[in-house]
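Enquirer: The lines below spell out each chain.
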Amino acid sequence: MVTTNDHIPATSLQNNISVFWHRLAYKHKAAETTLYLMFLSGFLLWDFIEASWQVERVMLIAHLLAGLTVFPLIVGPFWTSHRNLLNRSKKPFLRITGQMTEWLLIVCTLTGVYLMFYGNPGNLIGQINQDVHFYSSILLTPIVFRHAMRWTVLKVFKR
Amino acid sequence: MSSLLSDRNRIYGLKHCLAPLFLCLLTVFSSAKAVDKSSSIRWSEDKTKIYSSNFDGGSVSIIDRQSGKLLNEASIGRDIRRLAFNRDYSRLLVSDYLSDEVILLDGQSLKEIKRVKTPARPFGVIFDDSNDQYYVTLFEGNKLLVISPEGDILRTIDVEKTPRGLALTDDHRLLITHSMNGQISIFDVSTSSPKLHNIIKLVDTLVAKRGVADKATTPQGKPRLLDNIAISPDGTRAWLPHVLWSFSRPFQFQSTVFPTVSILDLTPGKEHEIVQERKQLFKQISIVESGNRTRIVSNPHDVVYSDDGKKLFVSLAGSEDLMVFDLSRQGSLNKKRHRRKKFQGGVKATQIYRNVPGNNPRGLLINNDDLFVQNAMSLNLVKFNTGGPGPFGKAKVLDKDFAKLVNKDPLTPEVRLGKTLFNSGNSLDSPEFPMAGDFWMSCNSCHFDGFNFTNKQLMADGRKDKKVDALTGHRDLVKMIAGNPVGAYIKMIQNTQGGMGANPAFPEVQKVDFNNPPTEVTRRMSALNDYVRTRENLPYLSNWLRLDDDKKFTHKEEWLNSASCESCHTSIYNQWADSNHGMNMDNPYYRQHEDFAAKVEGEEFRGFCRGCHTPQMIINGFEGPFKDHGDMFEKRGQSLLDAFDKGETVNEAGTGCFFCHRVTKAENAGGNADMTVNLKDRQGYIFEESTQAVGQWLAERQINALPETHKESYSNKELYNSSLYCATCHNEFTPGPGAIVNDNYGEWQKSEFNNPKDPTKNKTCIDCHMTADVVDFDNRVGGQSTNDGPVSKDVRVHYFTGGNYYFAGLRNPEHAKLSKDMLKNSVALSVEKSGNQFTAKITNTNAGHAMPGGARRQVWLEVVATDAHGKKVFESGVMKDGYIPKDSRKFIQVKVDKDGKPVGQLFWRYEKVGKDTRIQAGETRSEVFDFPENVVYPITVNTRVLYQVFAKALTEKVRKYTPDIEIPEPEVVEIKKIITSYQK
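First to last, the sequence lines map onto chains A and B.
Under my numbering, the residues of the first sequence are numbered 1 to 159, in order.
Under my numbering, the residues of the second sequence are numbered 1001 to 1984, in order.
Isolated chain A, as found in the complex:
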């Protein structure tokens, strides 16, 4: 895995953007944190958790607002730039977990958008979207964690 981008010259606006874009691919902390917080706020809405409504209502609006603002602003650009690394990576594990992350992220995002605008009023399509959103997030979070474990913000296995 490439760990430095100092070889990229920064001589023009286009180059500056290009440099920013390439550097962004390695700045995962904000995106990873956002993802975990999105997961946490969504997870607390799960019936099984039986969080109090005072907690749930705050989590709900936080999840919704974060999904509208922080997520597209942080996770979107990061992943778009980061996926270039994915394609070039020589490590099969990172490639596979990265691809899994990408697909799950797409599914989770699309179902989230649907839930944002249409919700789950009780019909079949709403129910499917909610279930897919939930299960995709359940899979997504540990995969992201495993994928980024070496550099993770959680630093559970900090060397």
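I should point out that these hints are in silico values taken from the structure, not numbers from a laboratory.
Positions of the beta carbon are idealized from the N, C-alpha and C atoms, including for glycine.
There may be inaccurate statements among the hints.
Said to hold, decoys possible - The calculated label-pair distances, taken between Cβ atoms and stated as ranges, are:
| id | chain 1 | residue 1 | chain 2 | residue 2 | range |
| --- | --- | --- | --- | --- | --- |
| 1 | B | K1114 | A | L139 | 37 to 43 Å |
| 2 | A | F117 | B | E1557 | 26 to 32 Å |
| 3 | A | L110 | B | P1756 | 46 to 52 Å |
| 4 | A | Q14 | B | E1557 | 53 to 59 Å |
| 5 | B | S1075 | A | L110 | 52 to 58 Å |
| 6 | B | E1557 | A | G76 | 38 to 44 Å |
| 7 | A | F117 | B | N1721 | 42 to 48 Å |
| 8 | A | F117 | B | T1156 | 41 to 47 Å |
| 9 | A | L139 | B | E1112 | 43 to 49 Å |
| 10 | A | L139 | B | D1628 | 58 to 64 Å |
| 11 | A | L139 | B | S1075 | 28 to 34 Å |
Stated by the list, open to error - List time: in silico SDA-like cross-link candidates among lysine to any residue, alpha-carbon distance up to 25 Å:
| id | chain 1 | residue 1 | chain 2 | residue 2 |
| --- | --- | --- | --- | --- |
| 12 | B | K1711 | A | V58 |
| 13 | B | K1711 | A | I49 |
| 14 | B | K1348 | B | E1273 |
| 15 | B | K1711 | A | T33 |
| 16 | B | K1117 | A | L40 |
| 17 | B | K1872 | B | D1930 |
| 18 | B | K1143 | B | N1721 |
| 19 | B | K1711 | A | I61 |
| 20 | B | K1680 | A | S89 |
| 21 | B | K1117 | A | V55 |
| 22 | B | K1711 | A | G122 |
| 23 | B | K1114 | A | Q54 |
| 24 | B | K1680 | A | E50 |
| 25 | B | K1114 | A | V55 |
| 26 | B | K1793 | A | Q130 |
| 27 | B | K1711 | A | T111 |
| 28 | B | K1270 | B | G1291 |
| 29 | B | K1680 | A | V58 |
| 30 | B | K1680 | B | D1530 |
| 31 | B | K1114 | A | E50 |
| 32 | B | K1556 | A | Q54 |
| 33 | B | K1680 | A | V55 |
| 34 | B | K1711 | A | V55 |
| 35 | B | K1114 | A | I49 |
| 36 | B | K1717 | A | G122 |
| 37 | B | K1680 | A | A62 |
| 38 | B | K1711 | A | Q54 |
| 39 | B | K1049 | B | S1378 |
| 40 | B | K1711 | A | M59 |
Since chain A is already given, all that's left is putting chain B on it; use the hints.
Expert: Showing chain B alone in chain A's frame:
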């Protein structure tokens, strides 16, 4: 032990052969903790402290027995009624009557351990040592709860109505008093699962003596207000203080409520009331005062035995006395000594300690010669000396203010005074302005615990032949109370309780002029009004609407506009908005009538109408006449939609989404909006109440993303499926006189549609009035109540289809059609002719209540016969200029005043029913017409059943009242028609 003692043969043997041994055994066993009863006051384990549940003081207190010092007080709720320790006294379970909770406390520190929500009005609490569990009665919920020592509900058992007091015998029988129907249930609690063993119905002396009720000369009455139970130390008898309601004639203070103590024989398997030993006024409760007057007492409440079992003490909460019975001559031992024909058990009241210090003596606690009386209104303890074991020893006060029960009374001084007056029948409390003429009764003798569901029983027991006397309550009210509460209360106290100088036996007490009362009386009656208007009673006075909140009024900003529901529940909103439940119940017809009521009875009386017509405005404190005319033509609640778009808050004039879906309780007091609304405890989403578009958009997104909580906040299926919910407004009675104005619920209860045992036949209100198919009620129509929501097999539409096709039809022809279809399906018509007699038979097949159901509806028969030449030879019920001829066969109820004159719009002043020709559910009415003889046959008879929502006379009155509005003529609907031809 108890079964041993109750075996009469063995006792007989013991008495004659082993009397000394028996006495020893009795002494030993009676001093053991053989029995227990639910109580508001208890000893600590070592009897050095007193534990008190402090009623509306909202707390539990620990008092030092010697010094009377308040050692500890825990404020835990609103109305703490009973308390019981567990086996080792480490836990204390208490009932909070008004909060619908039982609370488990630490037995020493009174620290709260657990709070358990229960169904309505938990009352009695007792601990069963042998099964290691508590029992709790739910007075309004009609249940018995079995609760573990840890405070978990183990079982919920259905019991007879109004369970209240509890007592345990030492042979594992649990006695429950049923307060409002005069019954005692006996449960077998030999195992941890109580099983019903026996139900004893106390004798209704009115019926028992004469075979029929309503004999003006017969004293006594129906056993009511049962509560506490005292079981004799030998376990053979139970004493039950209560009153007898004698409401079969107009109230007269000396013959309306009687204090009584009933006695049960507890022989196992043969439990019964010993009727001849019932202790009632003029017989065994009879102590003559100076002046040769019988000392009158009222509202017997608690009862305790002395330690030796030879005396019995009864607290009298109304007259504020302590009554003592000498038991030394009771039972068969002295039977032969009685010379009177009638055996009365040898037990008579030997002392009535008049005017116990403090106010409202209730709980009693005894040990050796110490007797403590717990005053519920002055919230203190009085210490008595019992007078010792001998029959001549008299009870006397040792310390009139032995202990304070609370550090601070949570009630305001005004409400405390008002509540004290409400509970007082003590004529000595204020000799100049007594609440009762001669200690007869208090307001609480009938309005048990204030104004609540027991009102229904009050009206049921007071019901007489409505054509002779429809009133069950107070007569000749001053301004229907609301218009002049002070004057009205004075007159009610005079007429009902003989108070305020109205008792002719006490001419020295000057009668108070209710039109011009002295300042002190005004102060007292204002305080009484403050109590009557407390949160748990009648906060808005003329109706029974309640807000579940510490505050009395809300602001309109606290309400969600019904239009906010439109975006997701579009169909339901549209159905509702154009329905009769929708916006603008404040229509010209209503406005004219409400203004008339306010003019006659006073502005405050508008509340009587508004409780159901504009409840949100009542709760928001809106007063005075409506400024703008309700637009009965407005479609889709456009003004609501406009206000919502502009972010404006509204006072909805109707029963809106938020109101109906936040009703948490139907009281079953008889109607008049007897429901409780709770706005505060719903689980709201952030921005849900926003008036800004962005906030509303975000709230909607949240609700759609997580709708379950929203659904739970606005749905109470059990309540909606109960016809009682609709009865809160579709049943109506005159506030004060208690005459039934409208009884759709009662009519439905008697109908074949009320069949809970057979769900295929049972139909509640919503099964007919909120179904999509109004012609075939068995056809359950599927649909969605939420846009893109789940498809329900039986969607509850919100057209609220009923007989009023008029208002809904002005807004939406679909609503009118549904209404007319329903009407056409409500009755069956058949005709026959024999000779010159023509008979039309109308059967109320599908209304489910009387036809017509509403007071202003007109249903009548029109019969027109033409001869062979087409010439009209007979007619009946043919309208002339929009009016129905007087000799028509109308199905109608006419309410009249005491002189028999129709009251018309002044219906709240009616006193009897002049005529009631409405057709009850399932009833067939035959109307016979005599045709002329000399007619040319064949004749053709056109028979129609016609329906009109408002009479022309009323419409003309409304037109005159609102000349600026064009009031359309209410259409006459033909609901059935048969054309027949007859040959001679």
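Enquirer: Given a hint of 53 to 59 Å, does the C-beta separation of A/Q14 and B/E1557 actually sit inside it?
Expert: Since the Cβ atoms of A/Q14 and B/E1557 sit about 55 Å apart, the hinted range of 53 to 59 Å holds.
Enquirer: Straight-line Cα separation of B/K1711 and A/Q54 no greater than 25 Å?
Expert: holds (17 Å)
Enquirer: Is 46 to 52 Å right for how far apart the beta carbons of A/L110 and B/P1756 are?
Expert: Hint holds: Cβ distance 50 Å, inside 46 to 52 Å.
Enquirer: Tell me if the straight-line CA distance from B/K1680 to A/V55 falls inside 25 Å.
Expert: Given pair B/K1680, A/V55 holds - Cα atoms ~17 Å apart, limit 25 Å.
Enquirer: Please verify whether B/K1711 and A/V55 have alpha carbons no more than 25 Å apart.
Expert: holds (18 Å)
Enquirer: Does the alpha-carbon distance linking B/K1680 and A/S89 stay inside the 25 Å limit?
Expert: This hinted pair is violated, its Cα atoms lying about 57 Å apart.
Enquirer: CB of B/E1557 to CB of A/G76, is that within 38 to 44 Å?
Expert: holds (39 Å)
Enquirer: Honestly, do A/F117 and B/E1557 meet the 26 to 32 Å range at C-beta?
Expert: holds (29 Å)
Enquirer: With the threshold set at 25 Å, check whether the alpha-carbon distance from B/K1711 to A/T33 stays at or below it.
Expert: Violated, because 33 Å separates the two Cα atoms, which is more than 25 Å.
Enquirer: Does A/V55 lie within 25 Å of B/K1114 when you go C-alpha to C-alpha?
Expert: holds (22 Å)
Enquirer: For the pair we were handed, B/K1049 and B/S1378, check the Cα-Cα distance against 25 Å.
Expert: Judged against 25 Å, a Cα distance of about 20 Å means the pair holds.
Enquirer: A/F117 and B/N1721, beta-carbon distance inside 42 to 48 Å?
Expert: Once the Cβ atoms are compared, 35 Å apart, the range 42 to 48 Å for B/N1721 and A/F117 is violated.
Consistency note: the structure conflicts with the earlier hints numbered 7, 11, 15, 16, 20, 28.
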